[in-house]
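K.L.:
Listed below are the residues making up each chain.
Number of protein chains: 2
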Amino acid sequence: MAQENHTKYAILGILTTSCNSGYEIKQMIDNSLNHFWKISYGQIYPMLKTLVTDELAYVVEVAQENKPDKKTYFITEKGRAVLQNWLETPIEKVSIEKNELLLKLFFSSNQKKEQLTIKHIEQYIEKLQERLAVFLTIEQSIHTHGTGHLDEQYWLITLDYGKRATQAAIEWGNAAIATIKGGNVNGEKD
Amino acid sequence: MAQENHTKYAILGILTTSCNSGYEIKQMIDNSLNHFWKISYGQIYPMLKTLVTDELAYVVEVAQENKPDKKTYFITEKGRAVLQNWLETPIEKVSIEKNELLLKLFFSSNQKKEQLTIKHIEQYIEKLQERLAVFLTIEQSIHTHGTGHLDEQYWLITLDYGKRATQAAIEWGNAAIATIKGGNVNGEKD
DNA sequence: AATTACATGTAAGAGGTTACATGATTCA
DNA sequence: TGAATCATGTAACCTCTTACATGTAATT
Numbered sequence: 001m002a003q004e005n006h007t008k009y010a011i012l013g014i015l016t017t018s019c020n021s022g023y024e025i026k027q028m029i030d031n032s033l034n035h036f037w038k039i040s041y042g043q044i045y046p047m048l049k050t051l052v053t054d055e056l057a058y059v060v061e062v063a064q065e066n067k068p069d070k071k072t073y074f075i076t077e078k079g080r081a082v083l084q085n086w087l088e089t090p091i092e093k094v095s096i097e098k099n100e101l102l103l104k105l106f107f108s109s110n111q112k113k114e115q116l117t118i119k120h121i122e123q124y125i126e127k128l129q130e131r132l133a134v135f136l137t138i139e140q141s142i143h144t145h146g147t148g149h150l151d152e153q154y155w156l157i158t159l160d161y162g163k164r165a166t167q168a169a170i171e172w173g174n175a176a177i178a179t180i181k182g183g184n185v186n187g188e189k190d
Numbered sequence: 001m002a003q004e005n006h007t008k009y010a011i012l013g014i015l016t017t018s019c020n021s022g023y024e025i026k027q028m029i030d031n032s033l034n035h036f037w038k039i040s041y042g043q044i045y046p047m048l049k050t051l052v053t054d055e056l057a058y059v060v061e062v063a064q065e066n067k068p069d070k071k072t073y074f075i076t077e078k079g080r081a082v083l084q085n086w087l088e089t090p091i092e093k094v095s096i097e098k099n100e101l102l103l104k105l106f107f108s109s110n111q112k113k114e115q116l117t118i119k120h121i122e123q124y125i126e127k128l129q130e131r132l133a134v135f136l137t138i139e140q141s142i143h144t145h146g147t148g149h150l151d152e153q154y155w156l157i158t159l160d161y162g163k164r165a166t167q168a169a170i171e172w173g174n175a176a177i178a179t180i181k182g183g184n185v186n187g188e189k190d
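Note that the protein sequences, when read in sequence, are chains U and P. Residue numbering for the first sequence follows UniProt numbering, starting at 1 and increasing by one per position. Residue numbering for the second sequence follows UniProt numbering, starting at 1 and increasing by one per position.
Hints listed in this document are in silico derivations from the structure and should not be mistaken for laboratory results. Predicted model only: the values in this text are computed from it and were never measured. A couple of the hints might just be wrong.
Pairs involving identical chains hold if they fit within one copy or between any two copies, as the list cannot separate such chains.
Below, in silico cross-link-like pairs of lysine-lysine (BS3-like), each with a Cα-Cα straight-line distance of 27 Å or less [what the hints assert, rightly or not]:
1. K113 with K181
2. K38 with K98
3. K113 with K8
4. K112 with K8
5. K49 with K113
6. K38 with K127
7. K38 with K71
8. K181 with K112
Please model the complete structure; the sequences and the hints are all you need to start from.
P.N.:
Here you go:
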């Protein structure tokens, strides 16, 4: 069973938008797909080469004024077919997300310092709240500057996932702290 | 900035429970930590060797009746100190979980077949519901066979995270389908 | 003069998956 | 006899991160 190369499809998908250079792809993912995807230049540039080799994209070098030159990549018909095929393939499994905080929590009975555990969760909640604020800002900017483009609907749906997931994690964090503080080993579990 | 080796701490943490062999560690993670961690034998066995080399654990070979022999590993004082130190270190960043469904959704305006997108989400929801059912079963079994051990509280907290995260994802899925079915940004095509 | 943004790339290595290889014991 | 469970391990491979390397142009 071969491992699926999702990076390939992520880049191919972005090439269908107006982002065409490695630099722009990186920016796009960091800015708009950051709640469910990430990528590094160490993946992007070699993959762009591979796409050209496989004839899924072609490259056009562009001389820019006031900026360094850049290489722009465009998806081919073959590339579109490959992307389309992937889009039509159902997700085979819901992936397990590793969570370092939960791993620590799982072994927390080994450590006597309950306060420290609570502090970890509190800091986690803070980070989640920052993330949530970013999502709300993005959502606002889509609504405000919205073009009514069809993409928009799907972008808002993915953003909604981020919001809900983050919100649920915050609520869990607060409940977890309450449980630990309430300190009922044998007692009431809500 | 070196990458943290979480696998090391996961195994070290499990060695503080009554799971002592590579095989048992694998089972423990697959059964009890499966909602936030996963591991393969290709990681476990080499890491157990490394732990012994680093004097964080020692090994005792055990001849078993009616079963193949096994190697049991025990955490050393040095190992406990390393684990404790990690437990006390705050989480530096909330990791981004890659989500293949969201990636597809983000590019879904490229594909005309709206029904197929809905089907993907529906299948995703089904898998989440199966997962949720497993969590509820585990929770019941902890409550029923519960020993009142301190571990139990923390196990339930991690399980609660899994439940909430899964529930939130299911609710998102239903909302997303409703949006796609009802909400046309540009009015219905096809 | 220094920093930031724009821009492209590579090499080493960490981390993880998968397939393979081996073998004992139990149960249907 | 065959499958399942128990048990340990390795090698090849893939994916991704990080550090490094280079350079232009604009801004402070």
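K.L.:
Can you give me the call for K38 and K127, within, between, both or neither, at a CA distance of at most 27 Å?
P.N.:
both (18 Å within a copy, 24 Å between copies)
K.L.:
Between the shortest in-copy and the shortest cross-copy C-alpha distance, which are at most 27 Å for K181 and K112: within, between, both, or neither?
P.N.:
Within one copy only: 13 Å inside a chain, 52 Å across chains, cut-off 27 Å.
K.L.:
Between the shortest in-copy and the shortest cross-copy C-alpha distance, which are at most 27 Å for K112 and K8: within, between, both, or neither?
P.N.:
between (47 Å within a copy, 21 Å between copies)
K.L.:
My question is about K38 and K98: at a cut-off of 27 Å on alpha-carbon distance, are they close within one copy, between copies, both, or neither?
P.N.:
both (15 Å within a copy, 7 Å between copies)
K.L.:
Since the copies are identical, ignore which copy is meant and state whether K113 and K8 lie within 27 Å (CA to CA) inside a copy, between copies, both or neither.
P.N.:
Classified as between; 22 Å across copies, 46 Å inside a copy.
K.L.:
Treating 27 Å as the Cα threshold, decide for K38 and K71: within, between, both or neither.
P.N.:
within (21 Å within a copy, 40 Å between copies)
K.L.:
27 Å Cα cut-off: does K113 pair with K181 within a copy, between copies, both or neither?
P.N.:
So K113 and K181 pass the 27 Å test inside one copy only (12 Å; across, 51 Å).
K.L.:
Measure nothing new, just compare the shortest in-copy and cross-copy C-alpha distances for K49 and K113 to 27 Å and report within, between, both or neither.
P.N.:
neither (52 Å within a copy, 30 Å between copies)
Of the numbered hints listed earlier, the single one contradicted by the structure is hint 5.
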